[in-house]
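J.: The primary structure of each chain is shown beneath.
Number of protein chains: 2
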Amino acid sequence: MAYFDHNATTPLSRAARAAWIEASEDAWQNPSGPYRAGARVRNRLEAGRERLGDFLACPGESLVFTSGATEGNNALFAWLARRAGPEDRVLLSAVEHPSVREAAMRWFPGRTEFIPVDRDGAVDPEAVRRELRRKRPGLVSVMAANNETGVVQPFETLAALCREAGVWFHCDAAQWIGKMPAARLEGCDFVTGSAHKFGGPKGVGFLRVPVSADDFQGQVGGEQEHRRRAGTENYPAIAAMVAALEEREVAGFADVDERIARRAAFESRLAEAVPGVRIAGTGKERLWNTVSIIVPRHRNHRWVMKLDREGFAVSTGSACSSGDEAPSPVLAAMGYGVEEARRAVRVSAGTETGEADWSGLGEAFARVWRTWEDRGTDSSLTEVVSI
Amino acid sequence: MAYFDHNATTPLSRAARAAWIEASEDAWQNPSGPYRAGARVRNRLEAGRERLGDFLACPGESLVFTSGATEGNNALFAWLARRAGPEDRVLLSAVEHPSVREAAMRWFPGRTEFIPVDRDGAVDPEAVRRELRRKRPGLVSVMAANNETGVVQPFETLAALCREAGVWFHCDAAQWIGKMPAARLEGCDFVTGSAHKFGGPKGVGFLRVPVSADDFQGQVGGEQEHRRRAGTENYPAIAAMVAALEEREVAGFADVDERIARRAAFESRLAEAVPGVRIAGTGKERLWNTVSIIVPRHRNHRWVMKLDREGFAVSTGSACSSGDEAPSPVLAAMGYGVEEARRAVRVSAGTETGEADWSGLGEAFARVWRTWEDRGTDSSLTEVVSI
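Protein chains in written order, with numbering that gives the first Met the number 0: chain A, 0 to 386; chain B, 0 to 386.
Only chain A is shown next, with the shape it has when bound in the complex (with noise of 0.2 Å):
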């Protein structure tokens, strides 16, 4: 089975196997227990704190850990609507994650309103700045690179406007940390990310918040974390988190081109064995692993299904809620219709995919169409039946 679904999750690295393994055999103890060995654990947490600072740019007390990006931005809102105003409103891009996206929506009620997208999925600097002069929000919230086009955002550029305008900025970079360098986050006020997606485990994660929030307070409890998340520290999976993220970190981002010419190679194949196809966001930068394709025919559910048979896994838009059949609101803010946005196949890569598991993915994709085609004009009929 190859597997093309990294944007929701990636498997463990062989690092972050062996730092669990490891913590939780010689550092399971509480890291707030008043004893020597609890001392010890604490000493630890706190060093990976600070290496994690180290990778983002930023001091280590300045991140929370958490059980993952989700966790994070529901605390963020959470947190900023107990100090917010009435009338303090949040801006967010038009293609945020739902975890931000719903976050917000929940505790500013009204008060959320959304940066347009282009038809690549990238948000205009020069919208955000028109935005901070009409009136100032509590927040702007961009993702670094969106979980289903791959599209890069210009969150340098916004994160420095903001800070001019003395307007906090929060980056959900859950797509971002571990496929490119996790420095460039450096100008965000507040930063979410998930372990999961960068070869750590799962339920571990990090909200970095800026000195200026020093009253930031997610669940309540327990002194932990400074009293910013409280719940008993958990040093095995942080470790672990620390380990995959070094491990990308120090092989570097180099080989980036070449992937990106590895992807292309696949999208060339695609291009000419599926005619019509297209490719959402190829007007601007994206991550070197995702494609998100609008097949000509067919619903995506089909293809998803068709390809695994080949052996690929590939998902529908978001693989994070693919229960639900509402169309992605990602393609939709990029101009895309309903029908189009059903017909969306998410491809994407991690580290450990190679120029065969490309090849290899075209070929399905060439087969399957194929199938379609040689059936002629039954396929119509055929869709009827299988769906």
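Since the hints were derived computationally from the structure, they do not count as laboratory data. Take the hints with a grain of salt, since some may be wrong.
Any copy, or any two copies together, can satisfy a pair, since identical chains are not distinguished.
[To be verified] With a straight-line Cα cutoff of 20 Å, these simulated SDA-like cross-link-like pairs (lysine to any residue) come out:
#, residue 1, residue 2
1, Lys134, Glu354
2, Lys305, Arg35
3, Lys305, Glu125
4, Lys305, Pro295
5, Lys305, Ala38
6, Lys283, Trp106
7, Lys305, Arg39
8, Lys283, Asp119
9, Lys305, Thr350
Position chain B against the provided structure of chain A, taking the given hints into account.
T.: This is chain B only, laid out in the frame that chain A set:
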């Protein structure tokens, strides 16, 4: 090192470790993924939910997987507050864990009321009955067993009283599960638990919600857990949690009397070696593993440090927040003074704790006490110097 802080966290059981490693290797894919590998993990996840439901004597579908009891307790009160009227209040025992107490007070400010406990730390069901008659609360929350004293609350009686009155009953069972039969929680509407309290990994737990709370929703931003808790399901940790509880439940609780006898021998030795020592909650049923000791002299931190040097890890009051220098609200609610609470040392055993550990701990208490006694009247001076 003999570890006597199991109420804070437990070592990972071999069964849990094996389950986590196996699932991380073989079932790491996204359970919401639209391909067969995803469906396979989804099936395993749902089988785990059913198995957990078997132990808790509730339908699997009433269980929502969380990152731990702290998340569950926070999510419960946040959700309740969103649906509550502006006059609705919640009723808590005076000895709840901070994650219940602080979550209730955050979401029901000025509308969180407390049921007192007696000198032994137990709630009187009659007091709850009176409150239910006086003014119907939105929820009654009383823990199964106390984290500091081990005192067992009459939660089955309270659940029945609340059911009769048509009021939801929540039971924070973090300390009960794995030490006593989980099925005794059957009559509760809401139940919270954390795997790492019973040999499972950190960062995973569950919240039971009743059918009548069909709009329950914790963190948002995905369809996972039937929209009740967004975020990629942490199946490896869930598998490990179920394996850990299975081990406890299958072994059974027939040896509880024997465990209580071992603890009683320790308590006798302690009373003999340290004149004036008291144990909190002895007039009521207590978990077999916990002893809350009020030492006759010296701050608890000094005892903890000295016992640590003797090779025994014990804790002060609540180890969840030992950085907190405020004296325990649990002991205060039981009528102990501030100075007494500062002399509280908590000892909490685990399933692996044997007779030799208990008798060794008794001798260590005796030795520590003798070092002070031998110095006679200098001890008060020493205290000033070393604090």
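J.: So, for every hint listed, does it hold in this structure?
T.: Structure-based check of all given hints:
Taking the closest pair of Cα atoms, lysine 134 and glutamate 354 never come within 20 Å of each other, the shortest separation being 49 Å inside a single copy and 69 Å across copies. Taking the shortest alpha-carbon separations for lysine 305 and arginine 35, only the inter-copy value of 11 Å comes in at or below 20 Å, while the best intra-copy value is 56 Å. Taking the closest pair of Cα atoms, lysine 305 and glutamate 125 never come within 20 Å of each other, the shortest separation being 43 Å inside a single copy and 64 Å across copies. Taking the closest pair of Cα atoms, lysine 305 and proline 295 come within 20 Å of each other only inside a single copy of the chain (15 Å); across copies the shortest separation is 73 Å, beyond that limit.
Proximity of lysine 305 to alanine 38 under the C-alpha cut-off of 20 Å is restricted to the inter-copy arrangement: shortest distance 15 Å between copies versus 53 Å within a copy. In this assembly of identical chains, the alpha carbons of lysine 283 and tryptophan 106 never lie at most 20 Å apart, being 32 Å within a copy and 44 Å across copies at closest. Taking CA atoms no more than 20 Å apart as the test, lysine 305 paired with arginine 39 passes between copies only; the shortest distance there is 17 Å, against 52 Å inside one copy. Taking identical chains as interchangeable, the C-alpha atoms of lysine 283 and aspartate 119 lie at most 20 Å apart only when both belong to the same chain, with a minimum of 6 Å there against 67 Å between chains.
Taking identical chains as interchangeable, the C-alpha atoms of lysine 305 and threonine 350 are never at most 20 Å apart, the minima being 25 Å within one chain and 50 Å between chains.
Violated hints for the displayed structure, listed by number in ascending order: 1, 3, 6 and 9.
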